[in-house]
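J.: As they're listed, the protein sequences go chains E and F. Start counting the first sequence at 1; every next residue gets the next number (this note's numbering). Start counting the second sequence at 1001; every next residue gets the next number (this note's numbering).
Among the hints, a few may not be true.
What the hints assert, rightly or not - A few chain F residues that face chain E, going by a derived Cβ cut-off under 7 Å, partial list only: (1) 1031; (2) 1076; (3) 1077; (4) 1081.
Keep in mind the hints are simulated off the structure, nothing from the lab. We put the CB at the ideal spot given by N, CA and C, even for glycine.
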Amino acid sequence: MPDRGETEHSPGDQTGWGDTETSQGGLSRRGFLRTLLGGVGATCLGGLGSPVARAQPAPLVLKPTPPEFFYNHGSNSEMRWEVMANRGYLVPNEFFFVRNHTRTPRVDPGTWRLRVEGSGVGRPRAFTYDEILNMPAVSVIRFIECAGNGRSFFEVAYGRRAQGTQWKLGAIGVAEWTGVPLREVLERVGLKRTARDVMPEGLDDLRVRRPIPIEKALAEDTLLVYAMNGDVLPPDHGFPVRLLVPGWIGVANIKWVGRIEVSETPLYSPWNTESYVLIEPEYRPSPPALGPTLTVQNLKSAFELPWDGEIPAGRRLLRGRSWSGHGRIVRVEVSFDRGISWQPAQLRDPNIPQAWVRWEVEWDARPGQYSLRARATDERGNGQPASVPFNEQGYL
Amino acid sequence: MAFTASEFRWDPGEVATRPGPVTFRVTNAGQLEHVFLVQDSTGRAIVTIPVLLPGRTEEVMATVSSGPYTILCTLAGHAEAGMIARLIVLAAP
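Whole structure, please, built from the sequences with the hints as guidance.
T.: Given below as structure tokens:
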């Protein structure tokens, strides 16, 4: 994919897309998607008539995840960072990491409905796939990152393993997401002024669901997404429709959404009470949650290099990427001596808030073993501390 | 006492035994990772297998006294989806 030339941003601008470009692009994209869907729908249906069709036994992830591109952890496939070396800004769909709490469901777009209901709406109803496609479309470039990205480093730092998938840094991807703002759908169901929590729910066999506050649900770039990098949303990434909740932990971006509950009272699910909370003595529980609930992702940086890899000695240009859920990255520094000294990296265009920035730094690499570190600072002044407190489920 | 995990249930779903030491032999016949936790009627955890990988069998021992116990997988959503079993410990008459 070519780099996207984005419209100019002021520092406070979090949106990052141009409406005129997308409304024109949206029409041709919808036509393209309808052509694709004829094939996709038939493949997905598999001869069974129910809206959620599953074969027994079903693979956990449907797309190929060869070990040269991914670390495979059961239902989760982690991107190898060396795959992004010298690539463009976006992660191609075939390399995008997969985080599944259970297996990818097969959903028939013909019988799929999005039910929007609850005490916070005056006119609950169900939408068809065509109705969603026919609404005004937007495209945004944003990251989606698993809350547990980096979890394996708790064991390295503390000698104590945090619960959950032991990701290194590859549970992150940036794509162009196309869809309709959630606000558009909420307005059509008579959103009440007293609405407070919005909880999208998936059609997977665990019905993974997690509420977001109404303010976040109404943000311009909180989308019901049906296309990824210009192609119809792949099954492992949420076909037919998923949420995009920019800057937040990955689980908020519910895949295979089939229902959205809007409530005047707080909503709870296992994914904001038992998990995706911070558990450790210094964090106080807020019942029914076991600890403070996670919202915006913190900052991270990664090198476009293999983990524990080898590179030839000599003058090199090292490349990497940094990201923050709070906004645009403004500075990246790199250390080759375990944090004793730091030098600035050069940031490359584009630099889209709540996506990532690519950077590069020259290194005169002498033979030897090195621990390379990169730390970023975002436009709000957030940085990457040298260490964070342990928490049982290994977040942040 | 043997239990088998799958998505999303325990087999058997209900079983009885006598008070005293029990060896739980737990097999994961599913495709996802699970957790095996036994809790007493007050909700206190008696014993756990924190990581049960697909295809693996693990054993733990515990001493149980008379009363009802609950066996569950503690991963988010798994108990709600059906991974709860009952163990009833019957005192000798």
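J.: Each of the hints needs a verdict: does it hold here or not?
T.: So, going through the hints one by one against the coordinates:
1. Interface hint at residue 1031/F: satisfied, since its Cβ lies 6 Å from the closest Cβ of chain E, which is below the 7 Å cut-off.
2. For the restraint placing residue 1076/F at the interface with chain E, the shortest Cβ-Cβ distance is roughly 4 Å, inside the 7 Å limit, so the hint holds.
3. Using the Cβ-Cβ criterion of 7 Å, the hint placing residue 1077/F at the interface with chain E is satisfied: the shortest such distance is roughly 4 Å.
4. For residue 1081/F, the interface hint holds, since its Cβ comes within 7 Å of a Cβ in chain E; the closest pair sits about 6 Å apart.
Taken one by one, the earlier hints all hold for this structure without exception.
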